[in-house]
Structures are given as C-alpha cells and as structure tokens.
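J.: Taken in sequence, the protein lines are chains A and B. Heads up: the first sequence is residues 1 to 597, going by this note's numbering. Heads up: the second sequence is residues 1 to 286, going by this note's numbering.
Fair warning: there could be bad hints in the mix.
Subject to a maximum C-alpha distance of 20 Å in a straight line, what follows is the list of computed EDC-like cross-link-like pairs (lysine to aspartate or glutamate) [claimed, not checked]:
#1 A:206 <-> B:283
#2 A:503 <-> A:480
#3 B:127 <-> A:480
The hints are simulated quantities; they were obtained by calculation from the structure and are not laboratory data.
The residues making up each chain are set out below.
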Amino acid sequence: MTVLSKKDDISLVLCGEAGQGIQTVESILAQTIKQSGYHIFSTKEYMSRVRGGQNSTEIRVSSHRVASYLHRIDILLALSSGALKHLKDRISNDTIILGDPEHLKAAKKDFLRKNINEQAIIQIPLMDTAQEIGGLIFANVIAAGVLSCILNIPQEIFNGIITDMFARKGSKILENDLKAAEAGYQIGVELKESQAENIKLPLTGKSEVGDELLMNGTDAVGFGCLAGGCRFMASYPMTPSTPLQVFLASCSHEFELVYEQAEDEIAAINMALGASFAGARSMVATSGSGFALMEEGVGLAGMIETPVVIYIGQRPGPAVGLPTRTSQEDLNLALYSGPGEFPRIIFAPGKLEDAFILTQRAFNLAEKYQIPVFILSDQYFADCYYNIPSLPLEDVVNEDYLVKTTPGYQRYLITHDGVTPRGIPGYGEGLVVVDSDEHDEEGHITEDLEIRTQMVNKRMKKMDGIREDAIIPELVGDEDYHKLIIGWGSTYWPIREALENIKMENSDQKMSFLHFKQVYPFHKRVSPYFEKAEDVIIFENNAQGQMANLIKLETGFEIHEKVLKYNGMPFSVEEVEYNLKKFISFNNNLSGIRGGV
Amino acid sequence: MRPQDFDMPDSDVAWCPGCGNLSILRSLKTALAQLEIEPKDLVFVSGIGQAGKLPHYIKGNVFNGLHGRSLSPATGIKAANPQLTVIDVSGDGCMYGEGGNHFMHTMRRNPDITNLVHNNMVYGLTKGQASPTSQRDFSTPLQIDGVFLEPFNPLAVAIALDASFVARAYSGDRKQTIEIFKAAIKHKGYSLVDIFQPCVTFNKVNTRQWFKEHTYYLEEDHDPHDRNMAFQRATETGEYPLGIFYQNSNKNTFEENLRVYWDDKSPLFQRKVDMGKITSLVDGKR
Ligand SMILES: Cc1ncc(C[n+]2csc(CCOP(=O)(O)OP(=O)(O)O)c2C)c(N)n1
Ligand code: SF4
Numbered sequence: 001m002t003v004l005s006k007k008d009d010i011s012l013v014l015c016g017e018a019g020q021g022i023q024t025v026e027s028i029l030a031q032t033i034k035q036s037g038y039h040i041f042s043t044k045e046y047m048s049r050v051r052g053g054q055n056s057t058e059i060r061v062s063s064h065r066v067a068s069y070l071h072r073i074d075i076l077l078a079l080s081s082g083a084l085k086h087l088k089d090r091i092s093n094d095t096i097i098l099g100d101p102e103h104l105k106a107a108k109k110d111f112l113r114k115n116i117n118e119q120a121i122i123q124i125p126l127m128d129t130a131q132e133i134g135g136l137i138f139a140n141v142i143a144a145g146v147l148s149c150i151l152n153i154p155q156e157i158f159n160g161i162i163t164d165m166f167a168r169k170g171s172k173i174l175e176n177d178l179k180a181a182e183a184g185y186q187i188g189v190e191l192k193e194s195q196a197e198n199i200k201l202p203l204t205g206k207s208e209v210g211d212e213l214l215m216n217g218t219d220a221v222g223f224g225c226l227a228g229g230c231r232f233m234a235s236y237p238m239t240p241s242t243p244l245q246v247f248l249a250s251c252s253h254e255f256e257l258v259y260e261q262a263e264d265e266i267a268a269i270n271m272a273l274g275a276s277f278a279g280a281r282s283m284v285a286t287s288g289s290g291f292a293l294m295e296e297g298v299g300l301a302g303m304i305e306t307p308v309v310i311y312i313g314q315r316p317g318p319a320v321g322l323p324t325r326t327s328q329e330d331l332n333l334a335l336y337s338g339p340g341e342f343p344r345i346i347f348a349p350g351k352l353e354d355a356f357i358l359t360q361r362a363f364n365l366a367e368k369y370q371i372p373v374f375i376l377s378d379q380y381f382a383d384c385y386y387n388i389p390s391l392p393l394e395d396v397v398n399e400d401y402l403v404k405t406t407p408g409y410q411r412y413l414i415t416h417d418g419v420t421p422r423g424i425p426g427y428g429e430g431l432v433v434v435d436s437d438e439h440d441e442e443g444h445i446t447e448d449l450e451i452r453t454q455m456v457n458k459r460m461k462k463m464d465g466i467r468e469d470a471i472i473p474e475l476v477g478d479e480d481y482h483k484l485i486i487g488w489g490s491t492y493w494p495i496r497e498a499l500e501n502i503k504m505e506n507s508d509q510k511m512s513f514l515h516f517k518q519v520y521p522f523h524k525r526v527s528p529y530f531e532k533a534e535d536v537i538i539f540e541n542n543a544q545g546q547m548a549n550l551i552k553l554e555t556g557f558e559i560h561e562k563v564l565k566y567n568g569m570p571f572s573v574e575e576v577e578y579n580l581k582k583f584i585s586f587n588n589n590l591s592g593i594r595g596g597v
Numbered sequence: 001m002r003p004q005d006f007d008m009p010d011s012d013v014a015w016c017p018g019c020g021n022l023s024i025l026r027s028l029k030t031a032l033a034q035l036e037i038e039p040k041d042l043v044f045v046s047g048i049g050q051a052g053k054l055p056h057y058i059k060g061n062v063f064n065g066l067h068g069r070s071l072s073p074a075t076g077i078k079a080a081n082p083q084l085t086v087i088d089v090s091g092d093g094c095m096y097g098e099g100g101n102h103f104m105h106t107m108r109r110n111p112d113i114t115n116l117v118h119n120n121m122v123y124g125l126t127k128g129q130a131s132p133t134s135q136r137d138f139s140t141p142l143q144i145d146g147v148f149l150e151p152f153n154p155l156a157v158a159i160a161l162d163a164s165f166v167a168r169a170y171s172g173d174r175k176q177t178i179e180i181f182k183a184a185i186k187h188k189g190y191s192l193v194d195i196f197q198p199c200v201t202f203n204k205v206n207t208r209q210w211f212k213e214h215t216y217y218l219e220e221d222h223d224p225h226d227r228n229m230a231f232q233r234a235t236e237t238g239e240y241p242l243g244i245f246y247q248n249s250n251k252n253t254f255e256e257n258l259r260v261y262w263d264d265k266s267p268l269f270q271r272k273v274d275m276g277k278i279t280s281l282v283d284g285k286r
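Using the sequences and the hints, build the whole thing.
T.: Structure representation (structure tokens):
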C-alpha cells in the first residue's frame, strides 16, 4: 500500500516529552519547508509542565495554502514511548510511524497493535546515531534531517538552516550539528529507497513561497501593536498571553517602548491607564483568570475615558482551568467586565492579516473614543504558524487624537458626539483632571444627579460613532446562500477549509460562512445576513454558545444549531466537515472521524 | 510663587471642620510654592478615601483612580513622561490595606514619585472602621471586640525594602511638615511620607492631644543614611519619632532604568511610529 502518494498535503506530527527539544525540530522544519517552496502550517498542543508529559506539534506541508488544524496524521515521528498512546485517536491505518526502536517497542506489543498497520511502523536509529555523534542531544537534528529528506527538501537548504541556527553556538557545536544533519539525511535516503512503496510525496514547491512571511498569531498581533504606536505595556505572565509580552519586551529597545512586569494584573492595568493618561498608547496582555483581576481597571478606563488596549489570550476556565489549552470562553467576561455601563469594542481575529490590522486599529479606536478596546485571541491562534505573502504595512495610518490644552481646558466637556478632545498633562497650558467618581466637565467629583445623567449620556453617546466604525463580518461564499455557518475568532480557517472541501464535492451546495472578527458591537448590516438564511449553524469553542447568545441579544435572531467544543482543543477541519455534512444531511459515509464534541 | 497660586477658587471642600487633612493641604501648597513647581507640571494621583479627595482641592493635573491602586497609575504616568512631578496622595487604608501589594512593589521599583499617606488610623470616608494602622483595642462598629491585629508599621516595612526616602510628619506641625514635604518632593526616587493626622470625627483615641503627647522629633544628629539605625527608630512605639528616618540617594529610579530614556529624554507621547523599522522586523520573518 502506498500511503502518501495521492496526497499533496501532508500532516506531519512530532510527539515527545516536554524538554526533549521538539521545538527545535519544529523550528528547523518550519524554515526548511518554507524555503523549499512548500506551504506550511503548524500548531502545537502541550501539557502544563516543563519536563515530561506528552506534547505534539502538527506540521502541515502542502502544495497549496493551508492554515488550519487537521485531525489526520500522515507521518508521525515518535520521540517518546508515550507518543503513540497519546495520539491513538488520530492514528489510522494510513499513518506512517517513525521512531527509534526504543520508543516504538511498546507500540509493537501493546494495545495499539490492533489499530496500527504494522508495515507502517518504521524504525530509525535516532538514539544510536546520536550517541555516535556525541550525545542524545543530537537526536533532534537527526530527526529533522530524516524528515527533511523524506519531504524532498534539498540538502543545501537544510544545511543552511542548521548553520543559521547553530552558528552562534560556536564552531565545535555547529560542526557536530552538521554531522547530525548529514546522518539524519542519510537515514532518510535509505528509508526512501527501502520504503519506496510507502513513501512517495508528490508535493510541489513554488519559489515565491520561500520569500513569504512565516509567523504565528502572536507575531501578527505584536506587529499590530508596534504599528499602532504602542509605547507602554504592563502585564503579568499568564499563558497564552506571555508570548505577546515576550514579543513586546524584546522589541522595547528598538521600538522605544516600556514593558513592565507588574506585581499583579491589577497593578498592570492601572499602570497602563496611568501611562495612557500621560499620553502613551498603552496596553495589557493577559488570559481569563488574570483578566478577572483587571476588571476593576476596565471600569476605571470606562469612567475616566482613558484609552487602553486589552489583549486576552483565551484558555479554558473557570479559574485556572486547562492552562495550556484553547477556548473561546471569555467573550462574556470581556463583554460584561467592569462595574456600570460604558462603551467598549471587542475584536477577535481569525487570520494573521486580520490580527495585524485589527490590533493596529484597536490602538486608533481606543484613542478616538477614549475607551477600552479588546483583542480576544486564544492559545490556538496565538501559537499557530503559517505562511502569508505579506502584511498590509502600507495601509497603516496612525491618527493623532491628542490636543494641546489651553487654560480652562475641560477634560469632560460635553460634545455632540460624546467625545471630548483629549488633553494630557504637560502638553499645553491647561490642567487635566480625571476622576473615578462621577465628575463634572472639569473632571471634579460631583454628586449632582443632573450632571450624572448628562455624563452617562455623554459616555454612551459614543456608541453611535463606534457602531459606524464597526467592521462588517466577512462572508465566505456566495451572497445567495440557503445555509449559513457562523464563526468568530480563531475558528476561521478550520471552518473555511471544511466548507471548501464540501463545495469541492458538491459545487452547487448553497452554503456560506459568516465570520465575525469584530464581535462587539455589531455593524448595523448584520441582521440581514441571518434573515436571508433558511438555516444557520454556529461553531464555538465554549459550552454555552456565548456568541450565539450575543447574536440573539443584538439582533433578536436565534441560532438553534450549535456545535460547541470545550475540551480544550481547537476544531479540526474534519470535525467541522463532519458536522456540516450532518447539518446539510448528506447521505455520505460519515464514519472514520468522531465529532469530538 | 505663593501658596494661593494653588488655590482652587470654587472647590467645595468635603472635609469636616478641624480635620487634619485641611492642614496637610495647606502645608502642601506652601511646600510646592516654595519649590516653584507650576501646577501644569504637577500630577496628583490618588485612590479613594477622605485623603484621596485632596487633589481636587489643589491646582494641578489629577488622576483620582481606584481604592488602593494609586501607586500603579502614578508609576505609569512618571514612566510615560518623566518630566512631570508626580505626587501620590492616599489614606492609610488605601495605601497599606487595599494597596499593600502595590506599596511593597513600588518601593522595589523606585519611581521618582512622592507618596503622601494621611495616616489617621481609621477609615474616614466609610465612617470609622479599623485601618491597618489602627492601634490595638481600637473599637469600631466592625471591630466590636476591639482591634486585636498588630498595627502595620509602614516605616519599618519601607526601610526593610530599602525605599529611597522614608519620613513621618504630624499634620498639626505645619512648619516641620512643609520641610519634610519639600525634602520628599526634591528627593530623586520614591519617597514615603507617612503623616499622622487626626480624624476628629471617627478617631476619638488618636486625637490632636494624643499626637502631641506621643510624638517627638528625631535628634538633629540622626543620620538618615544609617539604615540599621533608621530601622530601629522606625520600630519605636509608645512614643513615635517624627522626621526623616531614612534616605538612600544611590539608587537608580525606575525611569532611569528604562532604556527608552537613555538617549532621548522626550516623553513617550511625542515619539512617532517608525514604519521603516517595523517593515524590516516583519521582513525578518521571510
Ligand atoms: C474596591 C473598594 N473597596 C472599598 C471601597 C470603599 N472605601 C472607600 S474609602 C475606604 C477607606 C478609606 O480609608 P483610608 O484610606 O484610611 O482614607 P481616609 O478616608 O481615612 O482618608 C473604603 C473601604 C472602595 N471605594 N473601593
Ligand atoms: S471623617 Fe475624619 S478624615 Fe474624614 S474629613 Fe472628617 S475628620 Fe477628616
């Protein structure tokens, strides 16, 4: 049986223990794959521990663009004895399993035997070869070499990447790594000969791809922060927002910004509001539980009308939940956070380009309306990589909303649209007074109930402008659909790919996909999308259908068909496809893939 | 400049007649006038409480934020624009209770701000509950058996954390208070001034008379650079010393440690986005 010859889209999975260096294999492969002109997507899932456990990374290598998670595994590289057990649900008869004899021993005899095609278990001497070269640490590079060879990656490209990655570690180390690379590649060559029946990859690379950008969701948001003029971030580490904190901290010298690790999330948001009050575009990054602590500060931002951008990397809750897994459970938290009533904006990017544009826009809108603006990301989106041609850097416009104050300046002057031109201390002759108590136009405490009403009206009035500026959801597919799929945030690509697969099989299927990247408030043209549909289905990574509920609240439209997944893993393409087929009642054979819901 | 230059003509002062806050306000205006600091270059930051209202009664920029949180925005303001003079005004409950964590970490961070804590050993605004500095046996509608917790000792904690300026004043002695305020504001780095202040309405124990009888000034020859001695003096109870306990001028401030200001002193809001640099960073992902 020739497993891979039909496919020009390979799902390669690396699995091993934390601390074993899977990330090294992943980053070597990601670069070599892209430079060879193949499209790439990668996503990892990991346990909340620093050593041990079972972590895996899926790398899709393809002749066409790919950007979503697959359930299927075509090639599995097992770097630990527990790998096969960990991935048993995703291993099929078509999966080729590579690994050191040591790590495959268990697989040969235990329960897996029933499910696994024994011919497809291929032993490669990773450990022995590594020992010969100088130690087990070289197993990573050897493994990367084997896989690169199997994927037809030219040896010069592979050696070039190894050199780039290890050169700074000194010539001795580099020399050994190149030896390991060579050894791995040779194993690959032998494998390809001996397993010619099993392994044939008709992938075609395109040279343009080699020059494309390869980045993850965190990078895309990070570039958006820089382009949006972020000058101040105070935060407290919490997965999966920590990578964004690391990104901005690492940029702080070159891009003249302050990163401060605060003592807690409460301090973080209050510091950011102080910096923003003094004119610096400011942000915080956290995850659900950390954001719970920030809520008080969100109310303060609302009351003192001070801009702040809040990045929430969602993970399953409540409380500490599953620290390293993914979810879309904090929409309600962002939506209702903070005491009292005041306007806000919530974005939830699903594509790298959107993450960049929306983040940059978040800073502008926070300044324009003097409100908190949220970016709801999640572990899946933050950590997954794929290649894209470019980011729309030329389109960046940073609007400047600060005014030089004159004597008698009133920070909360009531205007027709609720927005008072924003002064900051030290710029102009006026004084800037902000207060968390209800205040008059000058900013001083008041208990005058008439003024109170006027101030609430002033703040809420901004919603008109905010709605005008709202981003309309993206419709994927024809306007004249009968069935409509709804998704928001990071489910964009799995839904889109599943829909495209279905359309490939059945081109006159009248089904389209409406993706919300701005989840609050809605654009006024949202309702007609629902009214037009005969049937609507929504996919969300939470248990309550938080977005479906918000849609009901905002448009009155009730979505009955909900596919909700909250085990901590993202939707796979197959899973969406399966559910969509059920939804449109195809009489296809639906076996082989569980719904996973 | 004159203290009146800091007057807010129409302000409706919401403090009780005879309250210690009133004399602190007057002393602060005098100190600022003597230091010739223009209101437009000043930012008062406060939390919530009677003390926290002070910024509304004095001319300057104001950030009156949340209960216990004032040091965080104060740090952010100073970090975003080091040219501003930042004065944090809080009560003992606000600073040492709700804000305890920020109090501790702000001292470690050492931003160049002045932290004035009106210490009336009671919660004034919420009408007379115990505060972290309330003395033992102080009884209130909530502490019906009297306070049995050990009072918090802000000075000893601050010296233990090597806060760069630590002093105690008594609001009733305006002359000395003004001098302490001036020294604190001039000091480069975080300065704590814990100010004994009578709450004439809710604290019937620590009255004006009590403060007079239970305080005295550190001797002329007290060396504020001697940390051990300063700590020892800060732990004195029964009779409470006043004055500048401790000063460490050898510490870098938070802002000085920030790389953004090493080559360019301009505040952050004046800096423009450099799309060229962003483009090359993005191109690094190719
Ligand atoms: C988060 C929060 N909790 C409680 C309160 C209610 N509150 C307002 S002032 C105050 C105590 C103030 O005491 P202190 O800081 O000693 O100031 P004083 O009024 O004595 O000057 C409290 C508990 C609040 N505003 N916010
Ligand atoms: S309650 Fe106490 S602290 Fe508050 S104003 Fe009256 S006397 Fe002053």
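J.: If you test the structure against every hint from before, which numbers come out violated?
T.: Result: hint 3 breaks, nothing else.
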